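Peer 1: Using the sequences provided together with the hints, build the complete structure.
Protein chains: 2
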Amino acid sequence: MAVSREDALARDAADPLAGFRERFELAGDVIYVDGNSLGRPPKATGEALAALHERWATRLVAGWSEWIELPLAAGELIGRELIGARPGETLACDSVTVNLFKLATAALDDRPGAVVTDRGNFPTDRYVLAGVAERAGREYIEIDAPGELPDTKLALVSFSHVDYRSGALADMAAITAAAHARGALMLWDLCHSVGAVDVKLGEADLAVGCTYKYLDGGPGAPAFLYVRTDHQGRLRNPIQGWFGQRDQFAMGPAYDPEPGIARFLSGTPPIAGLVAVQAGAELVAEAGIANVAAKARALTAYAIELHDAWLAPLGFELVTPRDELRRGAHVALAHDEGWRICRALIERAGVLPDFREPNVVRFGFSPLDTRFADVFDALDRARDLVARGVHLELPLERARVT
Amino acid sequence: MAVSREDALARDAADPLAGFRERFELAGDVIYVDGNSLGRPPKATGEALAALHERWATRLVAGWSEWIELPLAAGELIGRELIGARPGETLACDSVTVNLFKLATAALDDRPGAVVTDRGNFPTDRYVLAGVAERAGREYIEIDAPGELPDTKLALVSFSHVDYRSGALADMAAITAAAHARGALMLWDLCHSVGAVDVKLGEADLAVGCTYKYLDGGPGAPAFLYVRTDHQGRLRNPIQGWFGQRDQFAMGPAYDPEPGIARFLSGTPPIAGLVAVQAGAELVAEAGIANVAAKARALTAYAIELHDAWLAPLGFELVTPRDELRRGAHVALAHDEGWRICRALIERAGVLPDFREPNVVRFGFSPLDTRFADVFDALDRARDLVARGVHLELPLERARVT
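So the protein sequences, as listed, match chains G and R.
Residues 1 to 402 (our numbering) are what the first sequence spells out, left to right.
Residues 1 to 402 (our numbering) are what the second sequence spells out, left to right.
Just so you know, the hints here were simulated from the structure itself, not pulled from any lab data.
Just so you know, these numbers come straight off a predicted model, no measurement behind them.
Even glycine gets a Cβ: it sits at the ideal position worked out from N, Cα and C.
Possibly wrong hints are sitting among the right ones.
Stated by the list, open to error - Short derived list, chain R residues pointing at chain G, Cβ under 10 Å:
hint, residue
1, Asp34
2, Gly35
3, Gly46
4, Trp64
5, Phe101
6, Gly131
7, Cys210
8, Pro222
9, Ala223
10, Arg236
11, Ser266
12, Arg356
13, Asn359
To be verified - Which stretches of chain G does chain R cover? Using the computed rule of at least three CB atoms under 8 Å from a CB of chain R, they are:
hint, stretch
14, 97-108
15, 130-137
16, 210-220
Peer 2: Below, the structure written as structure tokens:
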């Protein structure tokens, strides 16, 4: 197929999910390819937050009779529609970091052995897991990449389903089985896969994930956690708070946790955040996660095709796997000048990707609001500015950016 | 002074803070006396959240260059204006429960000895402290009330500054000194005092507090924490997340915490919540915490005066201290029929207080939006319905309410 903008427009015209783009607030004309860091605001979110504000003003404290169900309701929506969980296995609450801490600590309370993750896992995962292992007096092992496990007694194995840098998608079923074969619980971080990949947790024991990327919950929106049903009665939430208490408003003398998933709640849930999570997740569920994941594969395939045609000759290197079943919804391109190319795209070319050390430019394609034309334009502008050496005009030093 | 509604109106006319009431969204005509559970929405909050939504839509991920400062900025506002902290000692983040867990765990890592709290402390405080003590293999001691400490080696003493049931205000300076004399760190829970009492943390080591009561941050808004400067380099956050990392976006191989208060951050901060916290705290700061606290004392004094005149003869008992320097901004009235009286006030009399087991009706007077006429009306309606026996028409069983 010829590389042309007309071709990109034809792909958009044939896209069954194209209509979802207008469900988002689209301001300005930047080519946004960082939905894998922060999704756009759905229009429904603004409406849901305005309705919440109205309920807060009118019902005041009595509003809690509705709000108190939100961690379970928003969790259930994510669990049922997006990650293949059974009913009563998913909660929306706290941050990914706090949820990782809760589940990893519970896992080490549950069984002896070491903790394994990979050297390339997201920083907060590595920092939390190392800290939890140290606190429990366990060995903490970092392997090179998700895959073959060390031949020692393991309590907990934790990887990201989609690697935040490379975009590589781990083989969930095979790795979960390998962890089980070592006697470990398997904890998946779904931050970069939920809402972009048709996640099937299957026999996985534990999972956490984030809602501000492909679920469009907004900056710092509450995270979620998953605990497989048969573990719930046995695993203990180390942060013993009143929202995990069986008969919360009896305010009894001792902690007596809920029998089910609600025991993994701790403090008072953040209602505005949960309302936004629900609105965002509903949009993905409406589109259907299988359809969303198919579009993610098509968008990334198109980006790889354009990379091969335009960018590889300019010194870029594709970091993301070419096998469409082994990647998420972003494409990572390494270049010696990655930092300045990323800054030049933002400052000179109206394209908003992001950068990850040491040399990776990430192009993320949130499937519901990214057009094939956006993929075309983003990579076309990258090609143009690198060919003209525009990035070389920028300073070498790294400014602090998120 | 004669007990009359005219007198209440005269007090409102003389109230220098009366103008603040119109800074809130006031819907319906319920007499709201539960601002100690959930404050009303400030008008400024709706505006701030709309502005955030606009920034999210237009700046997308680049908005983080502003948002990333919010936990420190909102914390600093609370620290400086409301609780007598020094600069760089306060953060807004997570829930009260998670913050209690972080600070209590850090305290037990820091020194040997038992954990002390009181039997009447808020449930989440007791549950968290008991869990942290158990995990560290320490003795967990509940005494009857904040005050005399057991004569044993202590690592951590933690009380609520204002008791959530009785409204009693603990003697912060004396208790902090007593804890220090036992070698313990002193952790204050400011949930029911911040924004209602002129808190002066002084030599206190640690504190947590909530923003959805007198700071009007909205349901489940993020909490805050305080760590005295000289402890910050030594105390470790057990939830080692990327937002506590010194050079966060280097995403380095090992956890290396920030030297100062920012090490007590864990995961990605909840931005919508923090924007609301800031808007609410700014309103209290604008009024001036000394003025706000003076009005709280005047409102509660008036409620006690009305209780004595009207309610004591009907079987009510004042649980809250009569000494205005020993109470917060709510008044607790016990009655054998407390449950049905509370329900009747809500369902039949247009008054919204709340109930705490076993028999306490709490009347909370958020100083910026509660009028002396509201105090008059709330207690007048209670007098009227109990005198007429209206509450006796309601079922005895407890419905679940928050």
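Peer 1: All hints are to be evaluated individually against the structure, with a verdict given for each.
Peer 2: Outcome of the hint check:
no., hint, result
1, Asp34, "holds (5 Å)"
2, Gly35, "holds (8 Å)"
3, Gly46, "holds (6 Å)"
4, Trp64, "holds (4 Å)"
5, Phe101, "holds (5 Å)"
6, Gly131, "holds (4 Å)"
7, Cys210, "holds (8 Å)"
8, Pro222, "holds (7 Å)"
9, Ala223, "holds (7 Å)"
10, Arg236, "holds (9 Å)"
11, Ser266, "holds (5 Å)"
12, Arg356, "holds (7 Å)"
13, Asn359, "violated (13 Å)"
14, 97-108, "holds (count 3)"
15, 130-137, "holds (count 3)"
16, 210-220, "holds (count 5)"
Of the numbered hints given earlier, the model fails hint 13 alone.
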